[in-house]
Amino acid sequence: MWRVALRDLQWRRRRFVIAVLAASLVFGMTLLMTGFSTSLHNEGRRIVAALGADAWLVADGAPGPFTTSTPIPAADADRVAALPGVTRADPVVILHSTVRRPAVRDVNIIGARPGGLGTPPLAGGRAVAGAGEAVADTELGLRLGDRLELGGRRLEVVGLAERVTWYFGTPTLFLALEDAQAVAFGRQPLATAVLTRGVPGVPAPGLELVSNEQAVTDLERPLVRGTQSIDLISGLLWLVAAGIIGSIVYLSVLERLRELAVFKAVGASNRSLLAGLALQAVLLSATAAVLAVGIAELLAPVFPFSVEIPALAFPRLVVAAMLVGLAASAVGLRRAVAVQPALAFGGP
Amino acid sequence: MVDVEVRDLTITYASGGYVVRPVDRLNLRIASGELALLLGASGSGKTTLLSAMAAILRPASGSIRVGDTEVTGLRGPALTGYRRHRVGVVFQTFNLVPSLTALDNVQAPLWAAGMPARQARARAQALLDRVGLRERLGHRPGDLSGGQQQRVAIARALAHDPPLILADEPTAHLDYIQVEGVLRLLRDLAEPGRIVVVATHDERLLPLADRTVQLSPAAAGASRPPERLQLQPGQAVFRQGDRSELVYTVEEGEVEVVRERADGGLELLALLGPGRYFGELGPLFGLQRSATARAVGPAVVTGYAPRDFRELVGSGRVAETIRQASP
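Quick note, the sequences are listed as chains A and B, same order.
The working numbering applies: residue 21 is where the first sequence begins, and numbers increase by one.
The working numbering applies: residue 6 is where the second sequence begins, and numbers increase by one.
So that you can see chain A by itself, here it is in the shape it has in the complex (with noise of 0.2 Å):
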């Protein structure tokens, strides 16, 4: 009966593109959703492993390195790296600030010490040498040789480095770690962390050790609500797809009540009916979500924040939206199962 259902399709094109379109919209926004939450989960990776260490160690009891707001002599340093297991350690300043460009946009300070830990790989100039030199991310639109000013302190852009964000794609500006305390801490030698190079055998006092992912977590920890948010809305986005699925299912069964009726009474299974539906929910939410596909791609560059999809999330979305089609096709089937062949006899 699969070519009854296939002739259905035909037959009724209009509402099956209007109700694919439709389709493909909500989950072409599903797409962007999951590409919104693996961005920001991704920055934060990128942002940790661009610093080079193999552990942080922040004051005992803050939360993380990322978000804490109690600083630590930076000559600490130096005890750190006297530590078992440990070859290199080096302080960090991590600030949020603000420059003017020519609008104020919010940026990501890391101050580090030229040449040691907390330097990003570079995609052209070079590497922080001093006071009054900064690393920008591409993403600040600034070019090698630009100044800008920071908490009332001349800088020139001498390197670049990309994806180099957080918090929503907002860029990072990489300074010598003078710099950084100048605005953090009124030229105070404190740090907001130590970065290792190997990991400490032995705990250091008044330190906390911090693993890269406990890092990860303590950055993400302020997007949770954002992120949850992105999940809560994808699922909405879900639900209201299989809205229009399924009504589209059920409006094909309530319209084809006499037909069903019909194939009964000629001998059809329920199966076999109930087979031919379900293709062609299947159908309708398999195209939508290839169209969706298109859509998502078509739309991710429009957004002011990069929106990476995961390459498995495709063909994950085409298998969900299959199965949600089904899913949603419930109350259709069960209206088709309830069809008395008797109704073939109803007269007009």
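It should be emphasised that the hints constitute simulated quantities derived from the structure, not laboratory data.
Take these hints with a grain of salt, some might be off.
What the hints assert, rightly or not - Stretches of chain A that chain B covers, calculated by requiring three or more beta carbons in the stretch to come under 8 Å of a beta carbon on chain B: (1) 26 to 32; (2) 103 to 111; (3) 271 to 283.
C-beta: ideal position from N, C-alpha, C; glycine also.
Guided by the hints, dock chain B onto chain A, whose structure is given.
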């Protein structure tokens, strides 16, 4: 040879909250090769009987035998097999699938039975050729005339070459030119090894039939002597769904008129004392009894043929009587 034998068949169902018994203790035998006409007014049970013969409606009691098959006892795969291979139905208003072409509509029952596509196509083409629609294979129902749609419906009913063809009001939506072609086709189908049963209210089809079954009671029949009935308490004069013959007057005692509801309850419609009439509408219009009349205590009633009843009340008062009528 396949004969159809209907024995003591009673069919009841719920309609509008009440119990309806359109077929009541019906007996019928149709021989192979015959075209039988089920004749009757709307609501007389024609379509209901066809539904039961098609194994779509289960009767309350009685049996329908098609050849060696006891239709009323069919379940599961045997029921599906009967519907697929032993009976073909030409539904009222054709009931073709609008999204399918004429060819696909005829193929559909073959697909449902799992016949290979090529074989199904060849069979459907041959059938449409037989009903004179070779040139219309690719047309959808909306592009066909009523007569052509009816012929597609007949071809569909013949898909599995069943020994029993049931046609429900096959001429109801056709003009006289189209009717001619469809009647000829139905007549030709009634050949040895096959029975055609046509349900219709159209008496013009009478010459077509080898056998006619009148399902409506004859309205306003001939005169006959009044029937005086002595009733015990609770004894029924007639029951809901019975064929109507007489109009009754209450001579002594009381008679209550009750209607049986689908939920098993009874609804009191009237309580009638001496001098009151009841049961007028059924015999006057050839309808079945729509309620039960029974004695409340010991009672005496007299039954009159409708013609005599008219004379009794005067023809001018019949309309007034109908307005005040009890079922």
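So, going through the hints one by one against the coordinates:
Under the rule that three or more residues need a Cβ within less than 8 Å of chain B, the assignment of the stretch 26 to 32 of chain A holds, with 5 such residues. Only when three residues or more bring their CB closer than 8 Å to a CB of chain B does the claim for the stretch 103 to 111 of chain A stand; here the count is 0, and the claim is violated. Check on the stretch 271 to 283 of chain A: 4 of its residues sit with their Cβ under 8 Å from a Cβ of chain B, so the three-residue criterion for coverage holds.
Violated hint for the displayed structure: number 2, the only one.
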